[in-house]
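Mapping of the sequence shown onto this note's numbering: residues 8 to 426, in sequence order.
No lab work stands behind these hints: they were computed from the structure. All clues given are correct.
If you anchor each label on the Cβ, the simulated ranges turn out as follows: (1) Leu221 x Gly421: 41 to 47 angstroms; (2) Glu168 x Leu13: 52 to 58 angstroms; (3) Glu409 x Glu213: 48 to 54 angstroms; (4) Pro155 x Arg105: 32 to 38 angstroms.
Keep in mind that this is a model prediction, so the values were computed, not measured. All C-beta atoms, glycine included, are put in the ideal place defined by N, C-alpha and C.
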Amino acid sequence: GLRQALHDGDWQVALVDYNLPGYSGLEALRLIADEAPDVQAITVSGSIDEETAVASISAGAVDYVLKDNLTRLAPAVRRAVEASGLLRAHRRTAEAARLALYAVDHASLLVLTVAADGTLLYANDEACRIFARPRDAVVGRPVWEVAPAVPEGRFRQLAAEVGERGRAEFTYERERGPGDLVCLDVTAEGVPGSDVFLVYGRDVSERRAAQRRLEATLAELGETARRLQRTLEGAVGALSRVVETRDPYTAGHQRRVAQLATAMAVHLGYRGERLEGVRMAGLLHDLGKLTVPAEILAKPGRLTEAEFNLIRQHPLAGYEIVRAIEFTRPVAEMVLQHHERCDGSGYPRGLRGEELLPEARLLAVADVVEAMSSHRPYREALGVPAALAEVRAGAGTRYDAEAAAACEAVVAAGFTFGD
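Make a model of the complete structure from these sequences and hints.
Below you can see the structure in the form of structure tokens.
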């Protein structure tokens with residue numbers, strides 16, 4: 008009955024008659040102490056000697072009251088209720104502390120407490136795993152002995168930083184074995200009112216290893232990209248030279264157009280892949296002339312209408328060849344449009360204005376200037392001034408005004424065609 012009552016009720020105080028009929032008061036006290044240690048037991052008896060009082064206290068009673076002096080009962084109960092409340096609060100606090108310590112012990116973070124002199128006072132399971140030591144080989148030893156990557160001088164610096172700022176952050180790295188690098192992001196904080204440091208750190212070894220692998224992969228990809236770029240440039244140069252073998256009178260024309268168009272693009276703020284696209288298009292813009300018979304390309308006199316119509320197809324032929332090459336910019340479209348004019352008078356499609364790529368408008372101007380300033384089988388070189396005059400006269404109609412101005416600007420700044 009008593010055991011069941013203790014389990015079923017939320018008791019704070021129990022009054023135990025020392026002389027229970029058929030039940031020993033001492034047995035009742037022991038049962039209460041075992042089954043409900045938070046319950047405060049008070050012995051009540053008609054008469055009690057010193058030996059009995061000592062036995063009651065030893066059995067778990069917190070006080071005793073004689074029946075002929077019950078004025079003491081209320082204060083005794085009040086004290087017992089207060090003691091029960093304090094005991095319960097203490098037990099709750101102790102249980103919370105136990106659970107907290109368990110959580111810290113088994114946390115995925117490294118957790119340490121360190122004395123101001125560098126002695127390790129506590130290390131959780133994760134810390135022991137990272138240091139590859141049992142707890143008794145960590146606690147009580149200096150930080151720099153357990154963690155050689157933090158020598159004593161470095162520890163003193165960190166301790167000073169914690170003292171000044173309240174915290175310090177650093178990266179801990181140590182090689183556990185060949186190719187096994189431990190890396191942690193660590194924070195040390197001061198504990199208010201104490202000279203103890205709380206240190207916690209997250210193991211980022213896998214993340215750092217993945218980052219290093221990514222960096223290595225990116226470096227490898229970068230080198231591959233550079234090799235591919237060199238291969239592409241070699242292929243473009245070879246294709247450009249093939250055209251020159253068909254038309255020796257225009258040898259170097261594509262390269263010089265690429266030089267001028269690139270200088271104009273730089274003047275207009277082109278950078279990176281867009282600038283490279285202009286250069287590539289310049290080197291390839293006449294590739295379609297491979298489909299034109301060599302005798303027509305080198306003909307010294309006026310072309311017939313049929314011959315000129317064949318020449319007019321070279322941008323389209325070049326487009327068909329170049330579009331098979333994968334560029335990051337629309338180089339094939341630039342090649343296709345390099346003979347178009349802003350007023351629609353060009354070929355092969357008669358595009359006009361905003362239908363033309365800005366890069367193609369640059370190529371159109373650069374192509375005209377280089378062609379007019381160079382020797383051709385049917386005429387002598389007219390020179391750069393004459394070429395600029397042609398572009399100036401057609402600016403805003405045949406030629407894009409911005410491209411024309413850029414050409415004049417780079418020539419005025421000292422641009423010359425290289426060999």
